[in-house]
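Peer 1: So you can see what is in the structure, the chains are spelled out below.
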Amino acid sequence: MLTPDSLPTNHARRGSLACVGLGMTLGSHLTPLARSHIEQADVVFAGLSDSIVELWLGRMHTDVRSLQPYYAEGKSRMKTYRQWVDLIMAEVRAGKKVCGVFYGHPGIFAWSPHKAIEVARAEGFKAHMEPGISAEDCLYADLGIDPGRFGCQHFEASQLLFYERRIDPTSYLVLWQVGLVGDLSLARFETGSAYRQVLVDVLSEDYPLDHEVIIYRGATLPIDQPRIRHVRLSDLPNTPITTEETVVLPPAMALKQNLAIRARLKALDEETAMA
Amino acid sequence: MSDTIDLLESIGQNAALRHATPEELVEVLVDAQASEVFKAAVATGESALLFKEFGHKPMQLPHTQGPGHEEEEQDEDDDAPRPVNPDHDQPPLPG
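Those protein sequences? They're chains P and D, same order as listed. Numbering-wise, the first sequence is residues 517 to 791 according to the working numbering. Numbering-wise, the second sequence is residues 903 to 997 according to the working numbering.
Heads up, a few of these hints could be off.
[Stated by the list, open to error] Straight-line C-alpha distance at most 30 angstroms; calculated DSS-like pairs for lysine-lysine:
{"#": "1", "chain 1": "P", "residue 1": "Lys591", "chain 2": "D", "residue 2": "Lys959"}
{"#": "2", "chain 1": "D", "residue 1": "Lys954", "chain 2": "D", "residue 2": "Lys941"}
{"#": "3", "chain 1": "D", "residue 1": "Lys941", "chain 2": "P", "residue 2": "Lys595"}
Worth flagging that the hints you see were computed from the coordinates, not collected in a lab.
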């Protein structure tokens with residue numbers, strides 16, 4: 517049997533970083549490789565969504581350091597995330613084998629893991645990311661959506677307000693962090709009804725107000741079921757939405773054939789057949 | 903009494919238990935000598951009841967910085983909210 521002790525040790529010890537995902541549901545989604553990174557690390561940092569999941573992680577390693585205390589109401593999350601990178605890098609620079617553990621996938625809607633890996637590599641340390649089962653993965657399974665059928669656009673909800681984005685109402689539209697939509701300060705953990713009304717006003721340019729909207733939350737604990745609610749778009753402002761919930765808009769229009777391109781492809785087929 | 907975290911992990915890893923009805927799962931938990939709080943959480947569908955056993959620790963979820971903020975170089979000592987600068991737009995890409 518191969519163990520970490522099987523590896524040659526004739527080189528100076530250097531710090532390293534692995535950022536791994538714990539998946540969304542306790543016990544169900546952790547990959548063997550991610551667990552191995554956790555167990556073989558000297559130090560584990562945890563950016564998780566649930567305190568019970570954090571306790572579970574504590575069973576896998578004796579030195580798990582929660583990143584949660586660095587959040588604070590009124591404090592820019594950008595400052596929090598930079599602190600996380602500093603904490604992680606301090607241990608890497610000290611020669612430790614560091615594992616950053618994040619809920620879901622460590623690279624989706626997660627600034628710090630990407631940044632920490634970038635900084636570590638720039639300083640000559642080994643650093644990489646192991647994927648995890650994300651909220652998006654669970655969403656497809658629980659809602660029965662195949663993104664390949666009509667296509668699927670994903671946006672952090674505030675992007676639709678801050679920037680001029682092009683929505684394709686023939687595809688699915690998935691909006692993340694609607695509970696925080698319109699927060700320019702980065703210092704709040706929720707906005708509110710008036711902010712969601714602005715979002716609805718923007719969406720109403722592409723969708724009828726009676727269009728069905730799905731509000732989704734995956735299961736974090738294995739005794740939970742996914743939470744799935746259906747409301748009309750016009751009801752979204754007055755429907756309480758938490759940070760962990762995701763809003764899905766099914767297609768509002770049928771796909772339209774591109775007759776010009778189809779004709780061009782047909783001509784190509786004929787040319788190819790004659791050649 | 904069985905350890906609740908261990909039981910949660912076992913349920914999460916077991917295809918039959920993960921998708922069992924609450925009634926079926928409560929039976930399993932009775933046999934496993936689970937805590938009363940755990941059995942109540944399963945029976946009622948209120949997993950938040952587990953906070954009675956472990957204490958409540960509020961957790962924040964957002965791990966992204968929001969669009970346009972990534973390239974803003976803020977003074978480390980300055981927490982004052984700043985507007986988005988569209989010229990620095992480098993929005994995160996959901997993967």
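Peer 1: A separate judgement is required for each hint: does it hold in the structure or not?
Peer 2: So, going through the hints one by one against the coordinates:
With a C-alpha separation of about 19 angstroms, the suggested pair P/Lys591 and D/Lys959 falls inside the 30 angstroms cut-off, and the hint holds. With a C-alpha separation of about 12 angstroms, the suggested pair D/Lys954 and D/Lys941 falls inside the 30 angstroms cut-off, and the hint holds. Simply put, D/Lys941 and P/Lys595 have alpha-carbon atoms about 41 angstroms apart, too far for the 30 angstroms limit, and the pair is violated.
Of the hints listed earlier, the one the structure fails to meet is number 3.
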